[in-house]
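Listed below, chain by chain, are the residues.
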Amino acid sequence: MRPLQSHIHTSSATYKENYELMKTLVEKLHVYLKESRFQGKEKSIERARRRGKLLARERIELLLDQDSPFLELLPLAGMQKKGGFGAGGTSVSGIGLVGGKLCMINSNVGTRKGGSVDYTTVYKGFRIGQITRECRLPTINMVESGGANLPDQAKIFNVGGEGFREITRRSEMGISTISVVFGNATAGGAYIPGMSDYAIFQKQAAKVFLAGPPLVKMATNEDATDEELGGADMHSRISGVSDYLAEDEYDAIRQAREIMEFIPGGEPHLVPEGEIQAPVYSPEEILGVVPHDVKTPFDVRELIMRITDGSLFSEFKSEYGNTMICGWAHIHGYPVGILGNNGVIFSESANKAAQFIQLSNQKNIPLIFLQNTTGYMVGKAYEEGGIIKNGAKLINAVSNSKVPSITLMIGSSFGAGNYGMNGRSYDPNFLFSYPNAKIGVMGSKQLAGVMRIIQKASAKAKGIPYDEQQAQMMEAMLVAEAESKSSSWHATSELWDDGIIDPRETRNYMGFALTVLYNQKIEGSSSYGVWRH
Amino acid sequence: MTKYIHTVLIANRGEIASRVIRTCRKMGIGTVAVFSEADRQAPFVGEADTAVYIGESEPAKSYLDQNKLIAAAKRTGATAIHPGYGFLSENAGFAKRCKEEGLIFIGPNPEAIEAMGSKSKAKALMEEYKVPVVPGYKGDDQSVEKLVSEAQKVGFPLLLKATAGGGGKGMRIVREASELEAGIAAAKREAQSAFGDDELLIEKYVESGRHIEFQILGDQHGNVIHLLERECSIQRRYQKVIEESPSPALTEDLRTQMGQAAVNAAKALNYDNAGTVEFIFDDETHAFYFLEVNTRLQVEHPVTEAITGLDLVQMQIESAQGKALSITQEDVKGEGYAIEARLYAEDPSKDFVPVTGRIHSFSYPELDGLRMESAVASGSEISIYYDPMIAKIIMWGEDRDIAHTKLRYVLDQLVCQGTITNQAFLQHLLAHPDFLVGKYDTHFIDKKLSLGDLGSISVQTQAELAIATLLFRWYKRENERSLLRNLPSGWRNNFYEPQKEQYVIGETEIALGYQKVKDSFLIQVGGQEMTAAITAYTQEKISLIIDGIQKAYTILQQGNEYFIHAAGIGNHKVLLKDRFPQKEKEKVKGGYESPMPSQIVKVHVAEGADIKKGDPLLVLSSMKMESTLLAEEDGTLEEVFVTEGQNVEAGFLLLKIQEN
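Protein sequences appear in the order of chains E and S.
Here the first sequence is numbered in my numbering, starting from 4 and rising by one per residue.
Here the second sequence is numbered in my numbering, starting from 34 and rising by one per residue.
Treat the hints with caution; some may be incorrect.
Unchecked claim - Here are a few chain E residues that face chain S, going by a calculated C-beta distance under 10 Å:
1. I63
2. E64
3. P267
4. G269
5. I334
6. G502
No lab work stands behind these hints, which were simulated from the structure alone.
Note that the Cβ used here is the ideal one computed from N, Cα and C, for glycine as well.
All chains, full assembly: derive it from the sequences and hints.
Encoded structure:
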């Protein structure tokens, strides 16, 4: 393999200007991330401190192995949700090493809204559950939650059962869940430890019952205290709901780590050995390389050479269908097939990608999709050329591919291009976005333009006058609306991705995700749906 | 007649045993070491040609047991015994016993030893041989008039001492004639109440006294020479710490006078081996007075060897064989300058109390002129049974400044990890301006050195130690990473707080926050932010740049303790705190624990006894020092968990009192 050669001049004005504009977007990302780290009002935090409690994020830091990397997932989920709890909801979730093993960690932010869960937090939990199951990760829940946010209960009660079902389904698959209870886990929440394979309750802190003293009094006229109904001592000595009694928070976390020591790690498909080369081109340059404006075209190889080991890339069919770049490379030592758009998808590009996906499946190599496409090419010639059947072929290949995959939104994601390039509905194992990324049925300007043409035609057909001025106003509103709905911020808020990333960290994200994906046996698909030739 | 020695049994241990073995080997003489339980692994045991186990660790059951020593010599065919220093080296009875058993005692004749055993007899004998002794009066006439007139003869300042006293009790310094009568009255009163006997003796008090000794050497043919002086004024707890030669206080003239006095003293004793005549030297008047003769090879003899080029052990053996001295006084020439520093396992910040422990690592730089006489190797144990000396560091140089500079370098670079030592104290002492110019007396340590600060470690050094430990540990972890090993250490995509570690250095708890940023670390410690990077790493050494200064740190891990040495900061211990601290074990109410590793000497109380606050409960012995454990509250003795003679670790529960 040879390293790719860059054609970008880092001293050029366009590079520098782009770098600055992308940097502004990254800074914006960091402002939002800072919001996501909000763990409640000063008063609640002080109260927790007084009671010797650790905060949700401190618990994670303590649980993790020293120096372990930690990939936080969906940190900005719900950030634009009206009436919600804000970025990330009331849980912190991510993947890290405990006892040298990869595991999913969920930590309730008990100091924010009492740790009660809003709509976003529930759906974030579902997405985390999906990743956990697909990647066969043991889970450690650090529980301190007041349960459902009552104003949201109608929206979450019915679907909410999925969380509990997932725990036991994973258990059936041999994937363990450990729940450490530091505080409230009542009513439905009691089933989090209740369903877990291992439950650790902290003395004088855990409160786990189906109904608290007032409700019990109402229902059966029985007088009982919190400790009697659901204290750690009672559950450890009498009910047996708790398997481990912890002296304090440190002891509880220590015990969770101890359990992890005896939980078998994954059976990695591959653990890379030996020295791993950094890219020849600095990942730092990605900010100047990937256009902040999705309308500006760029060669996706310029990104690839900044994330692969040694900037090496074994390109497939480089002379054919060249709006679709395909090839194999290593990231952090892991073999990976990369598909990246160099603009609109033609029939040839789609066919090439479908073939590449088949080859990667045959060799059990995971895939990374770098999405930057305005969709499939339109027009008479292309329809005649069967763009639909060829586009379908690509979607067929993506849908039936069984190797794990990661999708990264680096620019446009419009139309069926989103599908062909393994968009959210195609269940990539991980999906991340650059802050500049755009997503939608088409570009907002095109959308407005199309609307104008249709309305004009409609006015003409009905014989009513077409008000140019009002149309322009409507159009501007439409553009603004479409623009905001197609932004990465909206996408991440809606949980359409697993997080917006600083482009300079792309290699680390991909390396991390690949480590997780390679932590189990990889078996590609050998059969696909029927397609037209 | 010469009696050739073919095998020597060394009735001693530690560095002196090693020292004797070395000379014997050079002379083609076989060696037999004897060792106690505690010394099974000691270096000298392996160095000897043959070694005999002679019993339990208590000296009385091994190194002081004459029967066992004689039997060991007989069993191994040794024909001579070298007693070393301490133990039986100045025991006339043992010297005699050897003779009776047909063994050569490598030391002076028993009569010479015996003559020096009594201080008053020795003084009388010396006066007879014109050796200056401290002027004074001792007599039956205890009338105030007599005492006053004798005092006037002695001159001021003077010392009034209770004849029955000792150990500094019943002593009173009188500086002027006007204070004399009142002083005598008070001293008599004190003597009467303390000892039931008001007899006083009068001695000249040497205000600024130096302890200067002369090495002497005699043979069985009546020849005696001296091998110049050793200045030994730097002492703590009446024990020497630093010895040097030549003395900065002596002129050539004084040296000749004192040397002659030393030879006279030896002649008075018919002295026929190596020994030392000790003098007190008055810095103001330049008068010197005989103190005593040590009838053995001294700890500090290498100082003399370094400047004279002689092998004193060889000369001891030759004299014992009946050979005549091979050199005369004129042949004795001192060349250059030598100094010895004694490295002890002791805590200078706590009045030099001896400490126990394991020497996990011991190493030092090779330097021309350095002679290291060490009793230990890496892994050696400093036990409660013996003198806690770890090593003697002897440095020779062309002149005093050269030797001092080199000695200070060695002390800076010396790695001695595992236990508290006086290393930092020695460095502190050697750097003192008065010491540098040779201006000191026997009170130097008490008067001129502030020892309280020695135990404290500056904030800057604490930070340096903590960072060295942190990065040493980090590097080890980093090397062991497997999954995610290509992600930066501690990588976060939503950074919350730095990684943390906590240490205890001395008494101080130190929390560190650190974050790897590219190739270096941002470290928060004690409110300041520092940067550090690792430049090299081996199993026991890590090179770091901390805020721009590069140094190598020798680090040894023992469980959660890290022993660290670096130039400029010396040897320290850093304790790693558990990330998951265990809730403190509750102390047993009314329980008394052993403050240090000790042996139970005596149990004063029985179970069920009524105890009053301040009552002695039991006596502990650690490193030849006894201490009594006192009751802290009134109560009833519930249970005693130890018996007399039992050895206990620090923190061992000794007994329990049911408090009233």
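Hints versus structure:
Residue-level restraint check for I63(E) holds (minimum Cβ-Cβ distance to chain S is 8 Å; threshold 10 Å). Satisfaction of the interface hint for E64(E) is found here, the shortest Cβ-Cβ separation to chain S being roughly 6 Å, below the 10 Å cut-off. With a least beta-carbon distance of about 14 Å to chain S, the hint placing P267(E) at the interface is violated under the 10 Å criterion. With its C-beta approaching chain S no nearer than about 9 Å, G269(E) sits inside the 10 Å limit, and its interface hint holds.
Nearest Cβ of chain S to the Cβ of I334(E): about 9 Å, under the 10 Å cut. The hint holds. With its C-beta approaching chain S no nearer than about 7 Å, G502(E) sits inside the 10 Å limit, and its interface hint holds.
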